[in-house]
Amino acid sequence: MEIAGQDAELPEIRRRARHFALFVLIAFVAIAGRLFYLQVFQGDVFFRVTSDSIVRTDTLPAVRGQIRDRKGKVLATVRPSYNVYGTPGVVKPEVFARLRALLGMNGDEAMDVWERLAAPQNTRTPAPILIAEDVSREAMASIETGVDLPGVKIVSGPRRSYPYGGLAAHVVGFMNEISADELRSKKDEGYRAGDLIGRTGVERQWDGYLRGHAGFQKVVVDRRGMPKTDIRDVIEGPATKAAVPGNNVVLTLDVEVQKAAERALRPASAAGAVVMDVDTGRLLAMVSKPAFDPNEMSGHLTPEAEQRLLADRYKPLHDKTVGETYYPGSTFKAVSAISALEDRLVTPEEKTKCHGSFELAHHVFRCTKTHLTVNLYDAIVQSCNVYFYELGARPGMMDRLAKFGADLGLGAPTGLGLNGEEGGFLPTEEWYRDQKRKNPKAEGFQIGQAVNAVIGQGSTRVTLLQMVTLYAAIANGGKLWLPQIVERVESPEGKTLEEFAPRVRRELAVSPETLATVRQALVGVVNESRGTAYKARLKDIEVAGKTGSAQVQTGRGEGGYESVTHAWFVGFAPAGRPKIAVAVLVEHGGHGGDVAAPPAMEIVDKYFETVAPADKDAPHVGLPRRRAPKPADGQTGAEATP
Amino acid sequence: MNVVKAIGWRKLRFRFDWTLTLSALTVAGLGLVNLWSAVHDRQGNLFSQQISWLGLGAAVFLGVAAFDYRNIARLGYIMHAAGVALLTGVLLFGKIVGGGRRWFDLGPFHLQPSELMQLLTVIALGKYLNDSPAFEERSWRHLAIPVVIVSLPVLLIAKQPDFGTAFLLLLIFFSIMMTARLKLKTLAAILGLATLAAFPIYQHLLHEYQRKRVEAFFNPNSEGAYQARQALNAIGSGRFFGKGFLHGTQIRLRHFPALWTDFPFAVWAEEWGFVGCAVLLMAYLVVILWILKIAGEARDRFGATVCVGVASMLFWHVIINVGMVSGTLPVVGVTLPLISYGGSSILTTAAALGLVMNVSVRRFSY
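Protein sequence lines, in the order shown, are assigned to chains A and B.
Numbering of the first sequence is given in our numbering, commencing with residue 3 and proceeding in unit increments.
Numbering of the second sequence is given in our numbering, commencing with residue 1321 and proceeding in unit increments.
The set of hints was computed from the structure by calculation and includes no laboratory data.
Keep in mind it's a predicted model, so treat the numbers as computed, not measured.
Every residue, glycine too, gets a C-beta built ideally from N, C-alpha and C.
Mixed in with the good hints there might be a few duds.
To be verified - Which bits of chain B does chain A cover? Going by a derived footprint, with three or more residues having C-beta under 8 Å, they are:
id, segment
1, 1374 to 1387
2, 1513 to 1523
3, 1547 to 1556
4, 1607 to 1617
5, 1621 to 1627
6, 1650 to 1658
Model the full assembly from the supplied sequences, consistent with the hints where possible.
Take a look at the structure:
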């Protein structure tokens, strides 16, 4: 049919076939080049992508360290718990209904969980969702063995537990789940989604010591998440790393003292108390009332419980020992007395006449009563305001108070660093003038403000912790301690890793004579028959201290709870050889001597009764021998020489 | 009988083209190794089925090689017409799989006529070029019948819809026509028109999922990019020496549709690395270049053009398949000859190689 071999077209077709061959060769080289780029240049990148996509890294959580008191009593620990998880898309409505009945979930809670379970998933293998936390053993048993619940599983995990419940709750603190924002900023510190993080107290401040380091285990999984044990070589680096448990934090707190302090405050609705070892600055008890149960706070707080806590007028979440500032009221008179004595405005012997009020520029400043002739000692013992008003009216008193107050540790945080410690405030003349510059309607500085400041009112604000530190310094002869709450850090095996020695913040620039004069007056407050805390005195322990009834400007309606004064008592014992300093504040409690002094005495009594009976016996300071005591009330004091 | 005399077993035995056979067997052997890795832990029966297909393919190869190809050429148009009929039939009675009507359901196996049609088109084009010599370079007026020959199957395949194969058929067509002395100017004009037509076709004729694939190619984060990304990860992660036989992880552990039909190259690349890819490409290259060498030695235009057609068929399959698997081209359902699992593809390739063997055996018989 064709002329074989005679085809004129064939040579050209052959030539073009050779060109096509060349084209094929070039195309193959190009495709090989592409593969070379992908597999050799980019190979390591792709390799990591594929190994990451099939290697699941399971976190091995670290056991969090314990928080203990100074005697080893466990305030916070970890116990096993059982959580129920469900896989979205796998858990069917009827399964969830059965589960809900088993767990006894209420409507809102169940709706919430179901919404998350039924939400559309954008991955092929959705992560299980937490349905219920820390379920009871009975519920766990029925879920695990009883009925078949597809998509539901029980995961056991460690759970933070606080054996003493609300005891020292503000010091110990609580934990809850880390937020997305924190997760971003703390990525380097090894936090992961779902981790609990210390929110308040020692749990927060010492989180780094307590949490340890999570380990991991890398597993090769198929696309359903099932482990594939036969494939190992894609895992780069070590396949497992054991978790390092966190360290134990040992507090200076003493559970016995703490219990005593909390019991002493039982009549109060909202109150705070701090007990400090005056020889070390270590805190033996810190009470903020009302408290919360950290067991309830840690983990998933129900919305109702959260609402209840937030709406509570007594602010249970607020740490009243460091996180709140108050007018010091008459407890501030110790500072005023020290300022006046140091700057030689008065001598202890100088006398003033108190007629029940003090008039300054047509303004009347009231005293508690008419004290008649008083010297410094009487003014402190009976809390005479007029005596101090006169001091306040002296030129430069405002700045003098600020100067000595600052030296005594007021106006700035003590450095404990717990629960957002407040610094309080000491006003100066300049500050008042500055207020006026900012707001022409303000009064600016007037002598009247110094007259108020000298009795701890006006703009002066302090925390309980500042006051206990200040009175401890008066008691110990001038050592202003850096308050200490953590004594040492121990390894899980109990080896001491770090021990924190007491640290003096500074030696006060106050002469020993001045401190002795003030101490003597403070003994009188409790032991003199006219003393404001006389009714609360203890039989066998000589306590020194100062009461205070700080007026509160709330702007709320007169006559209600909020219009009653804050009751203060700050002091130390035993007066002859001080061991502990105590500060008690009862919010809107009324008169300090009636409301704050008795709990303080109870704490002191309990402390020397059960915790340190050996320190109870100390030489009595007694009352000064200066005039013939009136027969009616001359029974106090063994008249021992100081 | 004429037919019996036409069977040239003797010729086949004496002039047997061992290079062609062995290089093709090498590719098929690598393909079997690869298929075992891909299916051994999930669908092991595919492996034995593929061996059956390859055995049947060997018979087809020898059978096609034995007839004098001039007898085959004679039947070129009839076979083409039969192929077109099959394609029409598949549109009417075919089985719908994955959004396309491409297969005849023949009980134990599925016949995909579009694979066979490629070879039938090559033969029909060869017959036309053989029967109508041209003294100058071919231009528009020589294209009339070839265009009819190619456009019937192209349109029917595009209707399935299987744009990948339709496009592939066009590439084979142009490869043959260029070798058959088509004017460069004419080709340029056709390509120019095709470019102009491309946009409306893309907008109006392509199906949603196909547009997605194309978009996926240009936008790696789009929804349709899943397969492409998985394949790319598999290939790249093979690095230089590969993860080793049966140690591919990406392929084994991730969800991977069309693993042993359209994406076997990803399996190969992951387990054998760049070295393995180079070996496989080299094997293909030997087959293709050897076929083109046979084309150059063919005694007539039919033999030459059919060899060029078969070479381009293999070539474009490999380029498009590897290109799409390695993220160089959009994902289209084009098989990797002799490696992809599937009877239609294997048998068509075997028949095509048999035809080339036929030409090789008879290149010196005048």
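Cross-check of the supplied hints:
Counting residues of the segment 1374 to 1387 of chain B whose CB falls under 8 Å from any CB of chain A gives 0; the rule of at least 3 is not met. Chain A is given as covering the segment 1513 to 1523 of chain B, and this is violated because 0 residues of the stretch bring a CB closer than 8 Å to a CB of that chain, at least three being needed. Counting residues of the segment 1547 to 1556 of chain B whose C-beta sits closer than 8 Å to any C-beta of chain A gives 5, which meets the bar of three, so the coverage hint holds. Under the rule that three or more residues need a Cβ within less than 8 Å of chain A, the assignment of the segment 1607 to 1617 of chain B holds, with 6 such residues.
Judged by the Cβ-Cβ criterion of 8 Å, the segment 1621 to 1627 of chain B is covered by chain A as claimed, because 5 of its residues qualify and three suffice. With a cut-off of 8 Å between beta carbons, the segment 1650 to 1658 of chain B has 0 residues touching chain A; three or more are needed, and the interface restraint is violated.
Hints 1, 2 and 6, counting from the list given before, are not met by this structure.
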